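> Single-letter residue listing:
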Amino acid sequence: MSHQKNNLREEILRISGVNVKKCMKCGKCSASCPSYDEMEFHPHQFVSMIDEGNIEPLLNSESLYHCLSCFACAERCPRGVEPAKLIDAVRVTATRRQGGDRIKPEDIPCILDENTPGQLLMTAFRKYKK
Amino acid sequence: MKMQYFPGCTLKNKAKQLDIYARQCAEVLGVTLEEPKEWQCCGGAFTSSSDEIATKLSSVRLLKTAAEQGEALVTVCSACHNVVKQTNYAMQHDSVFADRVNRYFAQENAAPYAGDAQVYHYLELLRDVIGFDKVAQAVKAPLKGKKIAAYYGCLLLRPSKVIAMDDPENPRIIEELIRAMGAEPVIWARRNECCGGYVTAVSPEQAEKNSRKLCDNAIACGAEMIVTACPLCKYNLERQGCPIPVVYLTELLAEAFGVTEVQA
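Residue numbers (my numbering), protein chains in the order written: chain C, 78 to 207; chain D, 4 to 267.
Simulated from the structure, these hints should not be mistaken for laboratory data.
There may be inaccurate statements among the hints.
Stated by the list, open to error - Now the in silico label distances, taken between C-beta atoms and shown as ranges:
hint	chain 1	residue 1	chain 2	residue 2	range
1	C	Arg153	D	Pro246	40 to 46 Å
2	C	Asp190	D	Gly185	42 to 48 Å
3	C	Asp184	D	Asp54	24 to 30 Å
4	D	Glu227	C	Asn83	54 to 60 Å
5	C	Asn192	D	Tyr107	33 to 39 Å
6	C	Tyr113	D	Arg175	48 to 54 Å
7	D	Glu71	C	Asn192	35 to 41 Å
Nothing here was measured: the structure is a model prediction, and the numbers come from that model.
Glycine included, each C-beta is placed from N, C-alpha and C at the ideal position.
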């Protein structure tokens with residue numbers, strides 16, 4: 078693994094607090110995921126790819142923006158691996174990069190309708206913007 | 004009894020009925036919910052990455068205010084509750100995070116926060132502080148014959164080691180409240196699945212698909228109504244055209260208590 082890849086791997090593991098080595102590859106996380114059909118990389122693949130240091134494809138994947146942070150994968154993991162925290166860490170890393178914002182204030186008027194709760198806007202900004 | 008109460012941004016705007024009836028029904032049960040003089044939005048979502056500090060400060064300030072008052076903190080909105088509970092847990096269990104947070108307070112010459120606030124969701128207030136038996140005694144207009152689906156979603160239950168309200172796979176707290184109000188809870192498979200949440204902002208069709216599955220499942224199990232504590236769940240379910248009413252739990256409680264007067 079290159080030095081750069083290893084640094085990124087260590088950073089993701091540190092900020093997520095996840096121990097990927099505990100994974101026993103049962104696939105229950107991906108089987109539990111309500112966004113499975115929308116994701117190119119599924120929760121179990123985040124675990125294995127991060128362990129391998131193969132993180133750049135994850136950083137550039139739309140899968141980051143389909144995760145609901147619903148924690149079904151984390152709750153149901155028999156080994157306590159918590160893939161949702163890994164996805165959150167990769168997403169945070171992606172949005173912190175220059176030009177990484179997935180949503181901008183000027184996108185909001187197109188999203189709003191008369192019932193849109195403030196909660197949606199706050200949450201979307203937190204999850205999709207630096 | 005007086006407790007600190009955090010309504011959050013949405014309860015001051017699109018979900019006023021969740022806020023107003025929460026306060027009025029608590030008064031019926033002898034609890035005064037006092038809003039802190041100053042508060043900010045909880046942040047809407049908890050970012051699990053431990054190096055996110057500034058975005059969690061508003062929740063820490065809220066917890067600190069309640070702790071300094073020596074009173075428990077009550078939340079109603081599922082998202083507020085999730086964010087505030089997870090932030091409190093991080094303050095208690097992640098010493099590096101807690102230290103970095105407390106450096107902000109040190110700059111303001113304010114005391115550090117030790118993670119000692121007690122946080123209750125409104126449902127926990129009803130179950131653990133007041134008791135569902137007392138809630139049942141306060142019911143004046145039982146919701147007899149109503150078949151109601153309790154919708155938990157994700158935020159009220161998970162991560163369960165932090166939220167610690169109920170069994171994340173087989174919860175019963177809302178069903179118990181439904182029974183206390185004289186109605187009949189409908190048990191359905193998807194009651195602890197996510198509605199699509201904030202994904203509505205960037206991928207509305209994905210949220211619509213999730214919400215449609217939820218409504219279909221509740222109706223197939225015989226529900227005439229869905230009850231929730233989350234404004235975003237209600238929005239997502241209604242947005243895709245849920246054919247049965249989606250109501251806040253405090254609205255139902257107000258109906259059962261005969262509390263109808265709306266105070267602005």
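> Do the beta carbons of Asn192/C and Tyr107/D sit within 33 to 39 Å of each other?
36 Å, holds
> Holds or violated: the 40 to 46 Å window for the beta-carbon distance between Arg153/C and Pro246/D?
30 Å, violated
> A range of 24 to 30 Å was offered for this pair. Does it hold for the Cβ distance of Asp184/C and Asp54/D?
26 Å, holds
> Regarding Tyr113/C and Arg175/D, is the given constraint of 48 to 54 Å on their beta-carbon distance met?
Hint violated: Cβ distance 28 Å, outside 48 to 54 Å.
> Could you see if the CB distance from Glu71/D to Asn192/C stays within 35 to 41 Å?
Hint holds: Cβ distance 37 Å, inside 35 to 41 Å.
> Does 42 to 48 Å hold as the CB distance between Asp190/C and Gly185/D, or does it fail?
35 Å, violated
> Is 54 to 60 Å right for how far apart the beta carbons of Glu227/D and Asn83/C are?
Given a distance of about 57 Å, which is inside 54 to 60 Å, the answer is holds.
In this structure, the earlier hints numbered 1, 2, 6 are contradicted, and the remaining ones agree with it.
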